[in-house]
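Just so you know, the protein sequences line up as chains B and U, in that order. Anchor point for the first sequence: position 181 equals 181 in the working numbering, and the numbering is continuous, going up by one each time. Position in the second sequence (from 1) plus 1000 gives the number in the working numbering.
A few of these clues could be false.
What the hints assert, rightly or not - Label-pair ranges, simulated between beta-carbon atoms:
hint, chain 1, residue 1, chain 2, residue 2, range
1, B, Asn90, U, Leu1010, 51 to 59 Å
2, B, Val225, U, Leu1010, 49 to 57 Å
3, U, Arg1111, B, Gln118, 37 to 45 Å
4, U, Leu1011, B, Gly74, 32 to 40 Å
5, B, Gly161, U, Leu1017, 50 to 58 Å
What the hints assert, rightly or not - A short list of chain U residues far from chain B (calculated; beta carbon distances all over 10 Å):
hint, residue
6, Thr1037
7, Leu1051
8, Glu1183
Honestly, the hints are just simulated from the structure, not real lab data. Ideal Cβ positions, reconstructed from N, Cα and C, are used throughout, including at glycine.
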Amino acid sequence: MTPLTAEMDPTLGIEPKPTIGTLLNWMLADRARFREVLADPDDQERVLPRLLGIATSSLFLYGLVMWVVVAATGTDLPFMTGVDGGRPGNLSFAFAYSLGIVGAVGICLPSFYFFALQCGFRPTLRNIVVAVAGGQALTSIFLIGILPVFAALILGVERLGGNSEALAVWTKLGLLLPLVAGLVGAAELHEWFTGLAVTLPDDARARREGVVSFLGLWSTALYVVVAPVLVYQLLMTFGRVGF
Amino acid sequence: MHPLALEFVLLYLALGLAIGAAVALRDTALGTPVSATLAGTGAAAVVFWPLFLPFLLARRSSDCDRRRKPAAPPEDGPLVRALRRTQRALDGALGGIEGREALGLASVLTRMPDVMRSLEAQATSVEGMARLLATPTAAAEPDALEPDLARELDTARAEGDRRLRALHDRRREELLRAIIRLEELVAMIHLARFARERAGAGPLVQQITATVEALAELSTEDNT
């Protein structure tokens, strides 16, 4: 039986509900449409699990790749294992990154709400959650996008005769890749936050222009600090538990 | 792992299980089929429950709409319907005039919208009174009150009803008079429209002016 969504006439203006595939497509090719879906209250509840699915699965995949790289290069990570020369478990990175980066939102959520209120906006926690989850999904997709570049770099260092110390340094830098990729999500979050100023009356917007910009930056910076700290803590915990 | 951390994790997961179950139950109740999507949403809610909590606690827009939907207004009665019918006739008559200024009626006819609004409010009020008068009073339970007190209560009720009925009758009569004047006004406007070219509209304009004045008085005297 043909799915109903395939039979819909596009001229009727009825669009099928966004699936993970369409969300990925919009993230990469139509950012305006992506933001539109995030802002639609009717779609938010449906979109949230998909965004979280995209973010966690991508970060999980990144964690698995990093475990392979760490194991292949023989990089020593004593902060995880607690002993020199120990090897972290094969799922430690995957769980630490996927839970840490997404879980940091839960910690920052009240602050985001507070900052938005200070700016004079009337946000809802749902809007904030979906906007941040959207930023994370973008981050994770960008992370997967730059992962092959990192793998090629490691292979290049190895092929060009780099010693184990050089490989270890590059591998450890690879553990910071989510921070680099996170700039995309952070920029998206900052844009969303300052974009809320559009909902203010003109005179109020003019009065609060400086505050909005500052608190937007502050909200972004808060997440950029909290997420790595949480990931580091989880890497230590999972590394020592032996996942 | 530190015992406190373990306790925290257990507490977090216990809350997560409860919220995950709540999310899954709600989605099922809303018609989401039991599928991998539902399972995935439930699992995500267990682990990331702080993100799902705002959605779980928020009132659904459909619920809000249902709760905000006002009670259906009472159906319009014969007075309001008659008034609206006359208003349509008046609008039709005024629409046939090529420029009210030509008839010298502009200053008078601009008062009509206010007059009509006021009359419609009066008609609604009169019909409300009629509905109230038609509502049977609840019978008092026997032996609930002392006989003297019950008799006084009945007397007071009867007096209230009598005064309300008198007010209703008076206002209804005034309103009917206003509707008749309105019908006369419509006829006069038609006449003025055709008499205009024969320069015979002068007396009619005076009559129209007087009628509108009378209507304005009728529509306001009850408010005083």
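Quick rundown of the hints versus the structure:
{"no.": "1", "hint": "Asn90(B) with Leu1010(U): 51 to 59 Å", "verdict": "violated (25 Å)"}
{"no.": "2", "hint": "Val225(B) with Leu1010(U): 49 to 57 Å", "verdict": "violated (27 Å)"}
{"no.": "3", "hint": "Arg1111(U) with Gln118(B): 37 to 45 Å", "verdict": "violated (52 Å)"}
{"no.": "4", "hint": "Leu1011(U) with Gly74(B): 32 to 40 Å", "verdict": "holds (39 Å)"}
{"no.": "5", "hint": "Gly161(B) with Leu1017(U): 50 to 58 Å", "verdict": "holds (53 Å)"}
{"no.": "6", "hint": "Thr1037", "verdict": "violated (8 Å)"}
{"no.": "7", "hint": "Leu1051", "verdict": "violated (5 Å)"}
{"no.": "8", "hint": "Glu1183", "verdict": "holds (48 Å)"}
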